[in-house]
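Here is what each chain is made of, one letter per residue.
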Amino acid sequence: MKYKGGKRAGSVFHRRTLPGAMPGTLKTGPDAPHPVIRVMAWSKEEFVEETVESTARLREILNKWPMTWVNVDGLGDAAILQELAEIFKIHRLALEDVVNVHQRTKVEDYEHHLFIVARMINLVNGRVETEQISLFLGDSFLVTFQERAGDCLDPVRERIRKQRGRIRQSGPDYLAYAILDAVVDAWFPILEEYGEILEDLEDTIVVKPDSETVSRIHKIKRDLLVVRRTIWPMRETVNSLFREDLIETETQLYLRDCYDHVIQVLDMVESYRDMASGLMDFYLSSVSNRMNEVMKVLTIIATIFIPLTFIAGIYGMNFDPSASPWNMPELGWRYGYPAFWGLMVLLGMVMVLFFRRLGWLGSPKAEISDDRG
Amino acid sequence: MKYKGGKRAGSVFHRRTLPGAMPGTLKTGPDAPHPVIRVMAWSKEEFVEETVESTARLREILNKWPMTWVNVDGLGDAAILQELAEIFKIHRLALEDVVNVHQRTKVEDYEHHLFIVARMINLVNGRVETEQISLFLGDSFLVTFQERAGDCLDPVRERIRKQRGRIRQSGPDYLAYAILDAVVDAWFPILEEYGEILEDLEDTIVVKPDSETVSRIHKIKRDLLVVRRTIWPMRETVNSLFREDLIETETQLYLRDCYDHVIQVLDMVESYRDMASGLMDFYLSSVSNRMNEVMKVLTIIATIFIPLTFIAGIYGMNFDPSASPWNMPELGWRYGYPAFWGLMVLLGMVMVLFFRRLGWLGSPKAEISDDRG
Amino acid sequence: MKYKGGKRAGSVFHRRTLPGAMPGTLKTGPDAPHPVIRVMAWSKEEFVEETVESTARLREILNKWPMTWVNVDGLGDAAILQELAEIFKIHRLALEDVVNVHQRTKVEDYEHHLFIVARMINLVNGRVETEQISLFLGDSFLVTFQERAGDCLDPVRERIRKQRGRIRQSGPDYLAYAILDAVVDAWFPILEEYGEILEDLEDTIVVKPDSETVSRIHKIKRDLLVVRRTIWPMRETVNSLFREDLIETETQLYLRDCYDHVIQVLDMVESYRDMASGLMDFYLSSVSNRMNEVMKVLTIIATIFIPLTFIAGIYGMNFDPSASPWNMPELGWRYGYPAFWGLMVLLGMVMVLFFRRLGWLGSPKAEISDDRG
Amino acid sequence: MKYKGGKRAGSVFHRRTLPGAMPGTLKTGPDAPHPVIRVMAWSKEEFVEETVESTARLREILNKWPMTWVNVDGLGDAAILQELAEIFKIHRLALEDVVNVHQRTKVEDYEHHLFIVARMINLVNGRVETEQISLFLGDSFLVTFQERAGDCLDPVRERIRKQRGRIRQSGPDYLAYAILDAVVDAWFPILEEYGEILEDLEDTIVVKPDSETVSRIHKIKRDLLVVRRTIWPMRETVNSLFREDLIETETQLYLRDCYDHVIQVLDMVESYRDMASGLMDFYLSSVSNRMNEVMKVLTIIATIFIPLTFIAGIYGMNFDPSASPWNMPELGWRYGYPAFWGLMVLLGMVMVLFFRRLGWLGSPKAEISDDRG
Amino acid sequence: MKYKGGKRAGSVFHRRTLPGAMPGTLKTGPDAPHPVIRVMAWSKEEFVEETVESTARLREILNKWPMTWVNVDGLGDAAILQELAEIFKIHRLALEDVVNVHQRTKVEDYEHHLFIVARMINLVNGRVETEQISLFLGDSFLVTFQERAGDCLDPVRERIRKQRGRIRQSGPDYLAYAILDAVVDAWFPILEEYGEILEDLEDTIVVKPDSETVSRIHKIKRDLLVVRRTIWPMRETVNSLFREDLIETETQLYLRDCYDHVIQVLDMVESYRDMASGLMDFYLSSVSNRMNEVMKVLTIIATIFIPLTFIAGIYGMNFDPSASPWNMPELGWRYGYPAFWGLMVLLGMVMVLFFRRLGWLGSPKAEISDDRG
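The listed protein sequences derive, respectively, from chains H, V, R, W and X.
Under our numbering, think of the first position of the first sequence as 1, with each following residue one higher.
Under our numbering, think of the first position of the second sequence as 1001, with each following residue one higher.
Under our numbering, think of the first position of the third sequence as 2001, with each following residue one higher.
Under our numbering, think of the first position of the fourth sequence as 3001, with each following residue one higher.
Under our numbering, think of the first position of the fifth sequence as 4001, with each following residue one higher.
Fair warning: there could be bad hints in the mix.
To be verified - Label-pair ranges, simulated between beta-carbon atoms:
{"no.": "1", "chain 1": "V", "residue 1": "Leu1361", "chain 2": "X", "residue 2": "Gly4348", "range": "32 to 42 Å"}
{"no.": "2", "chain 1": "H", "residue 1": "Arg38", "chain 2": "V", "residue 2": "Arg1059", "range": "44 to 54 Å"}
{"no.": "3", "chain 1": "W", "residue 1": "Glu3270", "chain 2": "X", "residue 2": "Glu4129", "range": "16 to 26 Å"}
{"no.": "4", "chain 1": "R", "residue 1": "Trp2341", "chain 2": "V", "residue 2": "Arg1334", "range": "49 to 59 Å"}
{"no.": "5", "chain 1": "H", "residue 1": "Glu49", "chain 2": "X", "residue 2": "Leu4123", "range": "49 to 59 Å"}
{"no.": "6", "chain 1": "H", "residue 1": "Leu361", "chain 2": "R", "residue 2": "Asn2125", "range": "30 to 40 Å"}
{"no.": "7", "chain 1": "R", "residue 1": "Arg2164", "chain 2": "W", "residue 2": "Ala3079", "range": "11 to 21 Å"}
{"no.": "8", "chain 1": "V", "residue 1": "Asp1077", "chain 2": "H", "residue 2": "Arg38", "range": "37 to 47 Å"}
{"no.": "9", "chain 1": "W", "residue 1": "Gly3348", "chain 2": "V", "residue 2": "Met1349", "range": "29 to 39 Å"}
Derived by calculation from the structure, the hints in this document are not laboratory data.
As the structure is a prediction and not an experimental result, all values here were calculated from the model.
All C-beta atoms, glycine included, are put in the ideal place defined by N, C-alpha and C.
Construct all of the structure, not just a fragment, from the sequences and the given hints.
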C-alpha cells in the first residue's frame, strides 16, 4: 500500500515528517509562502514598525530597542528560518515543530526561551481550517511564526501603535498573553456561527426536514470534532503557563481571564456537540414518525379498498346463470346492484370505525398539522 | 462570513467582547436598563434601607454604617459603574466580567475583595433564561450587580428587615452565603417543573404518543443541557469558597449546607437528563411497535384478499366456452358459484390459521388494548 | 409559573424547604406521623427497653445507663424534635436535615456528635420508595430518626435483646455500624427482585415479545436510576466514616466489611442497568427482525399475485372479437384457458425461484420457528 | 413482596447472608459438598502429599514441616471449617466470606494472615459460571478454600511434586502468586472461546444473518458483562499485593508479570465487549438494508402493475356500446387490443426508466449479490 | 469445551503460554523463523556492520567496541535465544515475554538492563497486523528482538552508517529513542490510509450508499479498535521512560518529542473512531431517509390507483340490467363512459392535492436530486 501523503484537501490530520527521518529535520512544505518578517519594536516612549529584508537589519533593531516583536508570515525558506533560529537561539526540535505545521497546542520550556504553539481557526468556504502560530518568548523579544499572511492579531497591533492599555508598559509575557487572548477570542464568532446553524437546523426539522438535513448535521458534528481536538489542548497549555517563571504575577491575572475564556469556548463546543447529537436523534425520530404516518395512510386505503375490490371482482365473474339457478342469482335480483352499494358503504364504515378504535384516525386535520409542525 | 453577534433570541451562548478587544474594555449592552442602586445598611441595633441617587450619598452611608449591602439592578450606564468600581476598588477585569453578563459561575480572589459570579435561572414563556448576579465581598460591605430588576432575594431582604436568624449579627460573608443559598434554592422549583413535565410525557407515551411528543422531549433535553451547563460550575465555586480567608468558620458550616443543595440539584438535573433520554428511547420503541402493528394489519388484509381477488379475476375472464369445451367449463357447472365461495372461505381460513401460527393474531382485542396501553 | 410543590405521588426528587427560607427552618411535613420514641438502654450486664412518653423520662434513662439507643419513628411534631435536639445538643442545620427527608446519604461532623444520613429502600406496590434514617452518634448514645414506623432493624434489636454477638459489649459506634449494615443488607433482596424481573423479561423477549415488554423495561431502567442515585453516596459515606475519631479500630474492621457490601450492591445495580439497556436493544432488534419478516410475507404474496391478477384482468376485458380478428383472439382458442393456467403456474414458479435466490425463502418452517424462538 | 433467595439457576448476583444477620454468621449452603482436606508439605529436600481426615493429623503435619499448603474442596461442614479457623487463627469475618461464596476479588490484611479472595471462571454448558477460591497466606502455610473439587491448579501441584522451578525453594508468598497466576491464566482460553464465537458471528452476519444471531450476540454481551465484573477487581487486588509486607521482593517481580496478564485479560474483555456492540450495530444496519431491499422490490412490482391492472379493469367494464357511440368505442376498434398492449409495454418501460433514475435498479444481479455478501 | 488455541488467522488477541505453565517457560512458536543476528558496532570514529553466525563472534565484537546494536530477526530457536540471554544477562521472565509475542507495550526495570516492548503495525492485504519488537537497553549495548525480517528501522540504520545527526555520538539510550521514534513514525501512514478510506466512504454515502458500505465501516471500526489497543500503552511507556536513570537528560528532550507524536497518533485514532461512528449514524439515517422515500412512492401510487381500480371493478360487474331498472343503469347512459373518465381524473387530482398538502410531493425533481445528492 503506497503512502500517498496528506495532500487531499480537507483531510483533518497530517503527519509530521517522513517516517524514520532524523529528528530536527527541516523540510519546508512545497507550497509554503516565502517568509515576510515584520518587526515592531518599542520602548516606553518610542515606537517603530517596519518590514525587514535582512537579518542584519533585524539584529540592529534587536540591539537598539528594549522590546521587540518579530512576526514571520510564511515558512517557505529554510535558510531564513535557520538564520532566525541562530539569532534567537531556537532549538532545532522547536524549529522542526514550527515548520511542520500540524502540532497540537502546547508549551515547551527550552533553555533560552519558552516555546508556545497555538492554533487559529478559520471558516474557508464553510469548511473549518486551522493555522498554526508558534511563539518564542524570550527576555526582551517575542517571535511569532505563522503559516501565511492574514491573522486575527490586528487589534493587538493597533493597541501597540496607539499605546492603548498596558501593552507598551509590559514585557513580552504580556504581549504573548495578548496574542493568545486574541487567538482565543477569534474562536467565539466561529462557534457562534455553528450555534446559528444548529438553531436553523432545529427549525428546519420542526417545519420540513429533508434528506439534506442529515448531511448538514453530519457535517457540523464532524467540524465540531475538529474544533474540539484543536481547542482542547489550549486549556492545559494556558494552565501550564501559570507555572512558568517568565510570566509575571500581574500577567497571570490576565492569563486567568484568558483561561476562563478557553473554558467557556470548550463549554460551547461541548454543548454544540450535544445539541448536534440531539438534533440527529430528533431528526431520526421525526423521520420515523413520518414513515409511520405514511404507512398508516397506505394501510387505511389498502385495507378499505382491497376487500371492496374483491367483492366487485366477484360480481364481475361470468358464471352462467342460465346453466343453473345456483350460479350468481344475485345478478338477476331486482335490488342486487343497490344492495351491493349498501354492502360497500357498510363495509367502509366498519373499517373506519375499526381504525378509529385503533387510534389511527384522530381527526385527519390534526394529523396533517402534526405532520407539518 | 459576517459576524452577526448574539442577537438571536434564545441563543444559548454568547461571546464576551469583540474579538481582540483590549482586556478590561467596558462596553455596556445597548438594551441594558439604567442602574438602580438600592442600599441596605445596619449595625447590630439599627437598620436603614434606601435607594440612593448619587455616589456621594453612597459614600456617606458606607462611612456611617459598619455593614452595607449595595444592590445594583441594571448595567446600562458605564459611568456609574466606573464610579462604583472606584468606591469599592473593583479591578477592571472584574468590572468587565460584571458587564459582560455571560460569565460562568466562579470565584476570583482580588486584592480588595472576593469576586463571585453566580447565575439565576428563570422560566420565561416556557423557555429557560439565565441572569448573572455578581457579588463583591469586602470586609464591611457586599456589592451585588444584577442584569435587571426582580430577583429571588426578597426572603433574604425580609430576614434583614425583620432581624430574623443571624443575618444581622454576622458579617458580609454570611450575607453572601445567604444570597448564594437563595439563588440555589430558586433552582429547585424550576427543576421540579421539568420533573412534572417528564412524568406527564411518560403518561402521554403510554396512552397516546404523537409527533409533538418528540418535539417536547427534544426541547426538555435541550433546556436541561443549558441548566446543567449553568449549574455545574457552582459546585466548584462553593467548594473553593471554603478555602477563602474571608469566610468565617461558622459560615463555612452553612456553606457546607449550601454545597449539599448544589449536589442535590446536580443530581436532579442528571436524573432528569437520564429520564429524558430514557423517554426518547421509550417513545422510539413505542413508534416502532406501532409501525409493526400497522404493517401486520396491512399484511394480513392484503395477504388474505390479494389471492382471493386473483381467483375472482379468473372467473371474470371472457374465454369463450362456446369455442372449446376446455374454455372455462367451470362457468357452466351447476354448483360452480357455490364451489367458488367454498374455495374462498377455505383459503381465508387457511390464511388465518397461518397467521395464528406465526403469532400475529393472538386475539384481536388484546392487540388493540396493547396498542392503547 | 406557579410552584406546585412535590405533591405528585411517585415523583423522584423533592425540594428541601421553601426557596430562600432561613437556614435551619423547621417545617414538618403536613402528613408526617406523630413521633414515637423507643429507647433501648443497656450496660454490660443489664438491659431495658421502653417507649418513653416524655423527655423527662428520657433524660432519666440517659443519666442512668452507660449506653442508650433512642429511636424516633415519625417526624410530625416540631416541639418534640426541638426538645430532643436540646437534650442531645443537635445543631439546627442537622435537625433541619432530619425533618426535610430528601437528603442524600452523608456524614457530617458536628461538635457534639457525628451526623449520618442513610436511606432505606422499599418496594411498595411494585414502585421503589425510599425512606430517610438519620443517625446522631455521641459518646454514650445513638439517636435515630425515621420517617415512619416499620424498618429493617429488627434483627439488630433482637441481637441487643438476646445479647448475641458483640453488640452489647461495644460502644455506640458499633451500634451505628450494625444499623448501617442492616440498611445495606436490606437493599439486596430488592435488587434481586429486579434481577429476577430482568431474567423473566429476557425469556419473554425470546419467546413472545409484546408492546408491554417495552413499558416494563422502561420502568425498570427508571427504578434502577432512582436506586443508583440513592445508593451511590453510601460508598463515600462509609469510606469517610473510616477517618472519624469516634469509630474505634475494631469497628473499622466491620465497617470495611460493610463497605464491601456497598460495593457489591453498586456492582449489582450497574450490572442490572447494563442488562436493562441490553434488553432494550435486544427487544428493538427483535421487533426489527419481526417487521422484516412481516414485510417479506407481504412482499412475496403481493409480488406473486399482483402480476397474475393483472393478466387475469386482461382476459376479462371486453374488446369485441367480432369487430376485428386482432381483438383478443386468445379468447376463442381451443386451449386458451389451459394455456392461461399454464402461464400462471410458470410465473408463480419463476417468482418463487427468484425469492429463493434472494434468500427470502429458506424453508418456511425454519422461518416460523425462528420467529418464535 | 416475598424474598425468594438466589435459587434461580444462572442468576448473576447473589446476596451474602440474610439481611440484618449478625456479622460473622457462618451459614453453609444447603447443597455445598462436604470438605475434603488435601495437604502438601515440603522442606527443601523432602515432600509429602496426603488427604487428611482429622484436624489432629493436620496439626501434626503443620508442626513437622516448614511449609504446608492446605487445600479444602467443599464448604459443606461448618464444624470442620471452625476447627480449621481455630488452627490458622482465621478471623470470623474472613471465615464468613469464605462460606458466602459470592465475594468480589479482594485482599484483606488480618493480624495473623493475609486473606485473598479470587474467582475462577468456567464455561458449563455454554454458560459462564464462576467459583470462589479463598487464600489465607501465613508465615509458613497457605490455606485455600474452594467451593467444589476440580480446579485449574494441577500444573502448580505438578511443579511442587516434580520440584520444577523455584516453587519448592520459595515461601508461601510465591505459592500464592503461583495459584493466582494459574487462575488468571485459566481465564485466557475462556475469553478466546468468546473471540472465536464473535468472529463466527461476524461471518454469519456478512453471509446470512437470521434472528438467532441477535440472541447469540445478546448472550455474549451478557456473559462478557459477568466476566468483566468478575475480573475487574483482580487488577486492584494484585496491585495492592505489591504493598504487602508478606510478599518478598523476588516474588514481586513475578507478581508484576501476573499483573501484566490481568491487564491483558481486561484488554481482551473490553475489546470483545466493543466488538459485540459493533456486531449488534452491524447486524441492525444489515437488517435495515435488507428491509430497504424488500421494500424496493415490493414497490417496484406494485408500482408497475397497479396502474396496468387499473387500465385492464377499465376495458373489463360493461358500459353498453350499443346504448351510445360514446360508450367504450375502443372495444370495437380494429386495433384496439394491440393498442392496449402497446400502452402496457410503454407504461412498463416508463416505470423502469423512472426507477433507474431513482437509482433503485442498478443492475438486478448486483443487488442480489450485495444482499448476499 | 476444548481449548483450540489462537491459530485462527486474524484473531486479535492471543494467549501467552499454556494456562498454569511455570513462569519463565520458553516455548518458541512452531512457525517462527530461525533467528538472524545482525550486529552494528561503532566507536566515535569507526563503524562495523555484520551478520554474526556464532555467539563467540558476538562476544568478540562486544568486547572490542564501546557501543553495539544487536538485532535479532526471528525467534525460532530457543537454544540461541538462551545463549543470547546468558551473554546479556536477560532475566528469564523477560525472555519469556520476548518469545510470547503478544505482549502489551511496556517498560520493565531489570537489574542489568531496561526491558522495553513496543509494537509495529502493518497493513497486510488490507488487514491490520502487529509485530512485537523487544528492546534490552544496557550500558553499552542495545539488543532488539523482532518476530521476522523486515521492519521500519532502515532510516535509523542509514543514520548510523552515514554518521548523520547525533546517533553515533550518543549512548544506547539515544539509539533506543531513535528506534521507538521510528516505530511511532511508521504508525502515521497507516492511520492516514484509514483517514482516506473514511473520507471516501463519506463521499460514497452522500452519492450512492450500498450494503457494502456498512461492511466497510464495520471493518474500519474493528481495525481502529485493534490499533487503539496497540498504541494506547505506548503513551504510558514513553512517559515512564522519562523517570529511568539510564535515559540521559539530552535524550529526554527527544523523548518529549516522541511523546508528542504518540499523543498526536492517539488523537488521530480517537478522531477516526469518532468519525467512523458518525459515518455509521449518517449511513443509517440515509437508509432511513431512502426507505421513507420508497414508502412514499409506493403509498402515492397505491393510494391513487386502488380506489380507481375499485370503481373500474364496479362497472365490470355483471348485474343484469334487463332484470331490473335498478341494476347498473349507468351502463346504458349516453355519457356513462365519459362521465367515468371524468370521475377518474377528478379523483386523481384530489389525491395529488391531498399528498401535496401532506408535503409528500414538493416537486418530483427535487426529490430525485435529494435522493441522489
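Against the structure, the hints:
1. The hinted range of 32 to 42 Å is satisfied by leucine 1361 of chain V and glycine 4348 of chain X, whose Cβ atoms lie roughly 35 Å apart.
2. The hint said 44 to 54 Å for the Cβ distance between arginine 38 of chain H and arginine 1059 of chain V, and at roughly 50 Å that hint holds.
3. Between glutamate 3270 of chain W and glutamate 4129 of chain X, the C-beta spacing of about 21 Å keeps the proposed range 16 to 26 Å intact.
4. Roughly 22 Å separates the CB atoms of tryptophan 2341 of chain R and arginine 1334 of chain V, a value that falls outside the hinted 49 to 59 Å.
5. At roughly 53 Å, the beta carbons of glutamate 49 of chain H and leucine 4123 of chain X sit within the given window of 49 to 59 Å.
6. A hinted range of 30 to 40 Å for the beta carbons of leucine 361 of chain H and asparagine 2125 of chain R is consistent with their spacing of about 36 Å.
7. About 20 Å separates the C-beta atoms of arginine 2164 of chain R and alanine 3079 of chain W, a value consistent with the hinted range of 11 to 21 Å.
8. Range check, aspartate 1077 of chain V to arginine 38 of chain H: Cβ separation about 41 Å, and the 37 to 47 Å hint holds.
9. Glycine 3348 of chain W and methionine 1349 of chain V have their C-beta atoms about 36 Å apart, which keeps the hinted 29 to 39 Å range intact.
Against the hints set out earlier in the document, a violation occurs for number 4 only.
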